[in-house]
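Protein chains: 2
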Amino acid sequence: MNHKILYLSREDVKNVGLSMAETIEAVEQGFIEMGNGNVEMPPKPGIHPGLGEDNFIHAMPAYIPAMKSAGIKWVSGYPGNQQKGLPYIMGLLVLNDTETGIPLSIMDCAWITGMRTAAASAVSAKYLARKNSSTIGILACGFQGHTNLEAMSVLFPLKKVKAFDPSKENREKFAEYASKKLGLETEIVEEPKMAVTGSDIVVTSGPILKIPHETIKSGWIDEGTFISCVDFDSYFSRDALNEASKWTTDNIDQYNHYKDKVGYFQNCPKIYAELGELVTGKKVGRESDKEKNFAANLGLAMEDMAVAPLVFKKAVEKGVGIWLPM
Amino acid sequence: MNHKILYLSREDVKNVGLSMAETIEAVEQGFIEMGNGNVEMPPKPGIHPGLGEDNFIHAMPAYIPAMKSAGIKWVSGYPGNQQKGLPYIMGLLVLNDTETGIPLSIMDCAWITGMRTAAASAVSAKYLARKNSSTIGILACGFQGHTNLEAMSVLFPLKKVKAFDPSKENREKFAEYASKKLGLETEIVEEPKMAVTGSDIVVTSGPILKIPHETIKSGWIDEGTFISCVDFDSYFSRDALNEASKWTTDNIDQYNHYKDKVGYFQNCPKIYAELGELVTGKKVGRESDKEKNFAANLGLAMEDMAVAPLVFKKAVEKGVGIWLPM
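From first to last, the protein sequence lines are chains S and G.
Mapping of the first sequence onto the numbering used here: position 73 corresponds to residue 73, and the numbering continues sequentially without gaps.
Mapping of the second sequence onto the numbering used here: position 147 corresponds to residue 147, and the numbering continues sequentially without gaps.
Think of the hints as simulated: they come from the structure by calculation, not from any bench.
Mixed in with the good hints there might be a few duds.
Chain copies aren't distinguished; within one or between two, either way the pair holds.
As the list claims (entries may be wrong) - Here are the simulated DSS-like cross-link-like pairs (lysine-lysine), alpha carbons at most 30 angstroms apart as the crow flies:
no., residue 1, residue 2
1, Lys4, Lys318
2, Lys290, Lys4
3, Lys173, Lys68
4, Lys314, Lys4
5, Lys4, Lys313
6, Lys131, Lys210
Use the sequences and the hints to build the structure in full.
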């Protein structure tokens with residue numbers, strides 16, 4: 001056995017240089033496969049180590065035959081880590097050869113998780129937002145605020161971003177990113193409402209909470225807006241949510257699990273479609289300029305496995321990473 | 001983040017030098033924790049890539065609080081690999097820090113899988129075989145034949161081994177191992193029956209088959225014998241199985257899954273006990289010198305996670321492996 005496995009650290013994965021446009025394309029392709037019933041994605045089991053009540057490590061396996069992708073993400077979330085100067089989310093992804101099962105690559109999963117989550121928002125927006133959306137509101141300007149803005153800027157003719165974040169440091173870093181890196185007119189707003197009203201696209205990307213803070217009230221969202229709830233239903237009053245014309249998700253089974261077993265998404269609208277149904281045309285996306293459409297995507301193993309082979313391929317081409325003996 | 005992850009190749013894991021005695025002790029400790037309800041081990045999901053109908057890659061997560069062990073084994077089985085000169089079973093194990101979730105080590109899982117499977121046989125034998133067992137029959141002399149013999153030799157005053165294998169190469173390699181390495185009187189037998197009748201302990205360690213070959217017939221097994229069916233029920237006629245005084249397994253839930261969903265263990269005896277119940281004294285083990293006792297252990301994520309921290313600790317102490325940037 002002279003087989004070698006390519007190890008990619010967090011920096012390596014980033015340095016491979018997969019673009020957001022490529023990521024969005026791969027994730028959309030994954031959703032097409034899923035919409036056509038051609039993805040194997042078993043329920044994700046988890047363990048809950050340590051003393052922190054909300055600690056988890058989840059196993060997220062998936063197989064996408066058409067993309068020759070099979071593997072698993074093994075990802076932990078420890079809320080207490082931030083106090084220790086460690087990331088909340090950490091983990092590894094193993095990519096396997098579909099023909100032999102042999103591990104091809106082990107890679108840090110943080111970058112892929114961030115990118116594919118934003119890419120899924122953008123794929124939802126492609127089918128649910130107005131094509132000419134030019135103003136975007138971002139509520140909470142952390143990592144997902146950045147990547148979601150980038151992803152939307154790939155698919156829409158964005159001109160202006162209105163950004164809200166309670167942390168001065170976060171919003172200043174974000175403003176610099178949005179203006180300098182993406183060339184957008186950037187307004188830091190003092191009130192959450194100012195990021196919502198008047199926006200064509202809204203992304204809520206704060207912490208995911210079991211008891212929603214319900215900051216966004218009924219009447220704030222304009223007609224024609226698309227909202228990506230990256231932080232589930234945390235940001236919305238129930239009245240605001242029930243203004244939804246179309247309330248969608250990336251996976252109904254997982255959504256129902258979160259709703260019925262974990263306790264998220266209480267009193268939310270009825271699911272109109274899964275993203276796989278939208279991208280395959282099995283359900284129609286936006287039908288008028290007046291609809292208020294929502295995506296509450298949960299993050300799927302399929303999305304990771306749609307992106308991982310591209311990272312691996314580019315890493316091999318560019319000579320990034322460490323080859324390990326099996 | 002200056003954290004480093006220790007990578008251990010297949011050779012590294014072996015070279016760490018964890019003994020079979022240490023492995024058995026760790027696996028028994030794991031079963032005590034499990035028997036006391038202190039192990040988190042969710043169902044193992046899998047994907048089934050490629051064209052081979054029986055290909056699988058299984059996710060096996062477990063958390064053993066008392067052993068400060070949390071992690072996952074991601075292990076593939078591709079029956080067609082042998083024709084390609086590749087192992088049937090391949091995979092990786094990730095060990096996580098229970099306090100932060102951070103990955104501590106990534107290691108090849110082949111050695112641990114082999115060792116812990118044999119160790120579980122031995123733990124079963126400790127409670128179900130006669131203490132003075134001195135003659136052992138091994139049917140099929142592959143990797144599991146070797147490790148099971150070694151494990152039994154740790155716990156029992158073995159003097160003689162009778163070995164059957166259709167492959168001349170296998171049985172000659174095995175005979176050399178048994179006589180030279182373990183110092184046992186070694187007899188290669190031409191007929192399966194000769195390895196069964198007259199043995200205090202019997203291990204069947206052939207391929208696991210959905211349609212059992214049922215080689216071992218009623219009347220072959222002596223009174224007082226303990227049998228470890230490493231290859232499930234493949235080797236036994238139903239009549240021979242139903243001579244069992246005590247038919248046991250390592251995990252009833254998983255056993256029932258294999259029986260009811262996958263199709264193994266049809267018309268087998270009723271389960272008397274889980275191994276965790278035996279090691280904690282919740283169910284009594286052997287009660288007379290006449291019992292014919294069986295263990296049909298399936299292999300649990302808990303067993304891997306009981307052993308992995310010891311491998312990691314020894315590797316750190318001995319400076320084995322490659323430290324990877326996270």
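Cross-check of the supplied hints:
1. For the homomeric pair Lys4 and Lys318, the shortest alpha-carbon distances inside one copy (17 angstroms) and between copies (23 angstroms) are both at most 30 angstroms.
2. With identical chains, the CA atoms of Lys290 and Lys4 are never at most 30 angstroms apart, being 55 angstroms at best within one copy and 52 angstroms at best between copies.
3. With identical chains, the CA atoms of Lys173 and Lys68 are never at most 30 angstroms apart, being 38 angstroms at best within one copy and 39 angstroms at best between copies.
4. Proximity of Lys314 and Lys4 under a CA criterion of 30 angstroms is satisfied in both settings, with 17 angstroms inside one chain copy and 24 angstroms between copies.
5. In this assembly of identical chains, Lys4 and Lys313 lie within 30 angstroms of each other by CA distance both inside one copy and across copies; the values are 15 angstroms within and 24 angstroms between.
6. Proximity of Lys131 to Lys210 under the C-alpha cut-off of 30 angstroms is found in neither arrangement, the shortest distances being 33 angstroms within a copy and 55 angstroms between copies.
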